[in-house]
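With the first letter of the sequence shown counted as 1, position 111 gets the number 111 in the UniProt record's numbering; the numbers rise by one all the way through.
Derived by calculation from the structure, the hints in this document are not laboratory data. Just to be clear, a hint being listed does not mean it is correct.
[What the hints assert, rightly or not] Below, in silico cross-link-like pairs of lysine to aspartate or glutamate (DMTMM-like), each with a Cα-Cα straight-line distance of 20 Å or less:
1) K7 to E44
2) K7 to D49
3) K143 to D108
4) K143 to E112
5) K143 to D74
6) K75 to D19
7) K109 to D121
8) K75 to E37
9) K143 to D87
10) K143 to D72
11) K143 to E71
12) K7 to D21
13) K7 to E37
14) K75 to D117
15) K7 to E25
16) K109 to E78
17) K7 to D40
18) K75 to D87
19) K75 to E112
20) K109 to D40
21) K7 to D19
22) K75 to D108
23) K109 to D49
24) K75 to D40
25) K109 to D83
26) K75 to E44
27) K109 to D21
28) K109 to D142
29) K143 to D121
30) K75 to D49
31) K109 to D74
32) K143 to D117
[What the hints assert, rightly or not] Here are the simulated distance ranges between beta carbons:
33) D87 to E44: 18 to 24 Å
34) R119 to K7: 32 to 38 Å
35) R128 to V18: 24 to 30 Å
36) L124 to D24: 43 to 49 Å
37) V8 to D142: 40 to 46 Å
38) D15 to N123: 40 to 46 Å
39) D121 to A23: 26 to 32 Å
40) R14 to L149: 47 to 53 Å
Glycine included, each C-beta is placed from N, C-alpha and C at the ideal position.
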Amino acid sequence: ARRGHGKVIELLLRDSRVDVDRADERGQTPLSWAAEEGRDQVVELLLRDSRVDVNRADNRGQTPLSWAVLEDCDKVVELLLRDSRVDVNMASTSGQTPLSWAAEVGHDKVVELLLRDSRVDVNLADHRGQTALSWAAENGHDKVVELLL
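Kindly produce the complete structure, drawing on both the sequences and the hints.
Spelled out as structure tokens, the structure:
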């Protein structure tokens with residue numbers, strides 16, 4: 001999944017003996033790796049399989065959506081947002097949501113995608129009390145601040 005071998009993924013998904021949601025030592029699943037690497041075709045295949053937990057967090061509490069957001073993989077973010085099973089506000093161990101991660105790193109296109117989703121709560125604060133807006137402001141991301149206001 002990490003390397004984007006779609007045909008191999010298709011073969012594995014056909015076999016009921018394969019644990020398609022198995023995590024590695026970092027707690028990352030095939031969906032998490034595919035999302036982080038921007039492998040939109042693999043993400044699409046994995047989302048079709050009901051055995052895949054779309055919200056499974058890794059050891060740091062990062063979900064596939066969080067990884068796609070952090071790596072600025074807008075196509076993957078779009079795919080994940082289309083899936084009603086995805087918890088768009090699921091926070092990491094630090095309490096940051098996908099929106100606050102996108103705001104912190106200044107990924108304005110991803111912020112726009114997230115803001116279009118009515119499920120996203122723009123006012124959620126992390127364990128330090130910071131919101132997406134405060135992260136964007138602290139890091140000087142003017143465009144993101146404008147989007148959030």
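Looking at the structure, which of the earlier hints fail to hold?
Hints 6, 9, 15, 23, 27, 35, 36 not satisfied by this model.
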